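There are 2 protein chains.
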Amino acid sequence: MTHSILSDLKWRYATKKFDSSKKVDAEQFEILKNVLRLTPSSYGLQPYKFLLIENPEIRKKLQENAHNQSPITEASHLILFCLNLKINSELVASHVTNTAHTRQLKIENLKSYEFHLNSALNNMQHNEKLNWAARQAYIALGHLIQSAAQLKIDCIALEGFDHKAFDEVLGLEQKSLQSLVACAIGYRSTEDKYQYLTKVRRSENELFETI
Amino acid sequence: MTHSILSDLKWRYATKKFDSSKKVDAEQFEILKNVLRLTPSSYGLQPYKFLLIENPEIRKKLQENAHNQSPITEASHLILFCLNLKINSELVASHVTNTAHTRQLKIENLKSYEFHLNSALNNMQHNEKLNWAARQAYIALGHLIQSAAQLKIDCIALEGFDHKAFDEVLGLEQKSLQSLVACAIGYRSTEDKYQYLTKVRRSENELFETI
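One line per chain: the protein sequences are A and B, in this order. When we follow this note's numbering, the leftmost residue of the first sequence carries the number 1, and every step to the right adds one. When we follow this note's numbering, the leftmost residue of the second sequence carries the number 1, and every step to the right adds one.
The shape of chain A in the complex, shown without the other chains (with noise of 0.2 Å):
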């Protein structure tokens, strides 16, 4: 007996093809939404942003910028996923604002939380920094993944595009984000070939040792 978490993981795949007339309909993709909201992060400082891509002459943009994929015009919607570039004091600043409002704690009584959070952050590089951030937002991409399949809707990641493009495109710039990694979600074709095929994987012996 299989459990169904693992069904639903061997049920999924990448989706290169959608069927454009079937669309995901608003309460799954409320799941889909607070699952991205709820997924942890690194100190819960969520430095990432999430862009829901609805405007067709956008996806088109985005798509001749993205070697011509189709489900990123195809798919019923797109999320794509952004770093906050101001991974500063002031995105703690709201962290811990948050968290004194949704504990109701005092806001004084958590200034040596606030300290320990900048210092953090005070010992990475930008590049780090970024890095960093785009870790943490690829644990949100792996819940997304994984609810999807869960929920028996089809997905793709997309990274290969141009993000400088993509950038421009969104404007993302004046937003202080910057793109990092699309998911196209939808059905998948019926002629969608690669559905058929066997899952490869490493092996169990390959990838795991025990010490």
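By construction, these hints were calculated from the structure, which means they are not laboratory data. A hint or two may mislead.
Which copy is meant is left open, because identical chains are indistinguishable; a pair holds if it fits in one copy or across any two.
Below, in silico cross-link-like pairs of lysine-lysine (BS3-like), each with a Cα-Cα straight-line distance of 27 Å or less [as the list claims (entries may be wrong)]: (1) LYS199 x LYS86; (2) LYS106 x LYS16; (3) LYS106 x LYS199; (4) LYS106 x LYS10; (5) LYS33 x LYS106; (6) LYS164 x LYS22; (7) LYS164 x LYS199; (8) LYS129 x LYS86; (9) LYS111 x LYS17; (10) LYS61 x LYS23; (11) LYS106 x LYS17; (12) LYS61 x LYS33; (13) LYS129 x LYS16; (14) LYS129 x LYS164; (15) LYS164 x LYS17; (16) LYS152 x LYS10; (17) LYS199 x LYS129; (18) LYS33 x LYS152.
Note that this is a predicted model, so its numbers are computed, not measured.
Add chain B to chain A, keeping to what the hints say.
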């Protein structure tokens, strides 16, 4: 009504204190290993390895190099995610051979696929490759965290440790591996006060923007 994916993600938290008397049973842990194995990765290359650290003395040494964080020794299981430092044509060749074997294809027919994968890797500098590999590993971390929650198993992802010391204790350089992030897995102690705190997350308005 909340979907169980969301209630499980709300149930989980970064467990700071584990009940060391409670062990994750072998069958459940096998599910988590299979989740890690099924995790998708860019080009399917799985440029990482998972070390299952069982040896209590080694766990103690690791704890000493990780701000003495107790989950490292007290949790039932400890998985160390490591980057494969040999992201090269050999890694590609092993993937292509595996693909041919899994899908019962002739390896000669996968030559252009192999060339494409090698070109993609050759376009990256060494550091870019490592950051790319790290992001792939964090998809696996996302799957692991979510799957553990769905099995009502607790965990905490640990990034705050002396990576060089970990690499030395485990002799990772000789294995062409580099420590990335650890995940301690087990069951929460009733004494862990963090489980009773309200989860803090940025608002939907802050995290999402529709375009």
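Q.
Of all the hints numbered above, which does this structure not satisfy? Sort the numbers upward.
A. Those not satisfied are hints 5, 6 and 7.
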